[in-house]
Amino acid sequence: EPEVTQTPSHQVTQMGQEVILRCVPISNHLYFYWYRQILGQKVEFLVSFYNNEISEKSEIFDDQFSVERPDGSNFTLKIRSTKLEDSAMYFCASTAGGSREQYFGPGTRLTVT
Amino acid sequence: AQSVTQLGSHVSVSEGALVLLRCNYSSSVPPYLFWYVQYPNQGLQLLLKYTSAATLVKGINGFEAEFKKSETSFHLTKPSAHMSDAAEYFCAVSDEDSNYQLIWGAGTKLIIKP
Chain Z
63 EPEVTQTPSH QVTQMGQEVI LRCVPISNHL YFYWYRQILG QKVEFLVSFY
113 NNEISEKSEI FDDQFSVERP DGSNFTLKIR STKLEDSAMY FCASTAGGSR
163 EQYFGPGTRL TVT
Chain L
64 AQSVTQLGSH VSVSEGALVL LRCNYSSSVP PYLFWYVQYP NQGLQLLLKY
114 TSAATLVKGI NGFEAEFKKS ETSFHLTKPS AHMSDAAEYF CAVSDEDSNY
164 QLIWGAGTKL IIKP
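Chain order of the listed sequences is Z and L. If you count by this note's numbering, then the first sequence holds residues 63 to 175, one letter each, in order. If you count by this note's numbering, then the second sequence holds residues 64 to 177, one letter each, in order.
Only chain Z is shown next, with the shape it has when bound in the complex (with noise of 0.2 Å):
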């Protein structure tokens, strides 16, 4: 069965320092999401794209963070310069169509020293 996978599983980093997490969604999507988890809160949405483009972004997606998606597989996260408070699980999701479950990759647990 297709799945969404995530590379690194785990990435420490010290503070001021990029990162980029890595995601293959599933190859017959469209539509792709990353998330983000803090350790014991809510699953946050950080941003979707589609089409080559971001579709939509939320607070937390500022001028730190990036998406890509350089070739037709993989779908990556950039932190340009990184903070203690964003040490958290990352998840990326993909979907065929938009109103459809997304299907989650394991995460990458970052961490931020």
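In case anyone wonders, no lab produced these hints; they're calculated from the structure. Honestly, I wouldn't trust all of these hints.
Said to hold, decoys possible - Okay, derived cross-link-like pairs now, DSBU-like style, lysine-lysine, Cα gap no bigger than 30 Å in a straight line: (1) Z:K104 <-> L:K176; (2) L:K121 <-> L:K172; (3) L:K172 <-> Z:K119; (4) Z:K140 <-> Z:K104; (5) Z:K104 <-> Z:K145; (6) L:K172 <-> L:K132; (7) L:K132 <-> Z:K104; (8) Z:K145 <-> L:K172; (9) L:K121 <-> L:K131; (10) Z:K140 <-> Z:K119; (11) Z:K104 <-> L:K131; (12) L:K132 <-> L:K121; (13) L:K121 <-> L:K176; (14) Z:K119 <-> Z:K145; (15) L:K172 <-> Z:K104; (16) L:K176 <-> Z:K119; (17) Z:K119 <-> Z:K104; (18) L:K172 <-> L:K131; (19) Z:K119 <-> L:K132.
Quick caveat, the model's predicted, so the values are computed rather than measured.
Starting from the known structure of chain Z, fit chain L onto it as the hints suggest.
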């Protein structure tokens, strides 16, 4: 704007007892509603979804949920709890107005007592 409220951050039931996890939502247009489960140190797995078809939705692992428009609710139930059901459960809503981004409830941790 959409929002999701899950009543009870922790719910504890005995093995074999009824599980009821509550979810209320607000949405100005017809919503799509989802329940996801998260086992410890794992990702998010879809349990079931409501997308404007039958109001009683059956999902995996014996769970089901009923969409009640008049009560703006989408409560999750299971007739008989099993130890393996211990996990965190998240209710989420999406709609066309928000480009189908998922808006999440705070989650309910289900504890199963032997």
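ask   = Which numbered hints does this structure break?
value = Of the numbered hints, just 16 does not hold.
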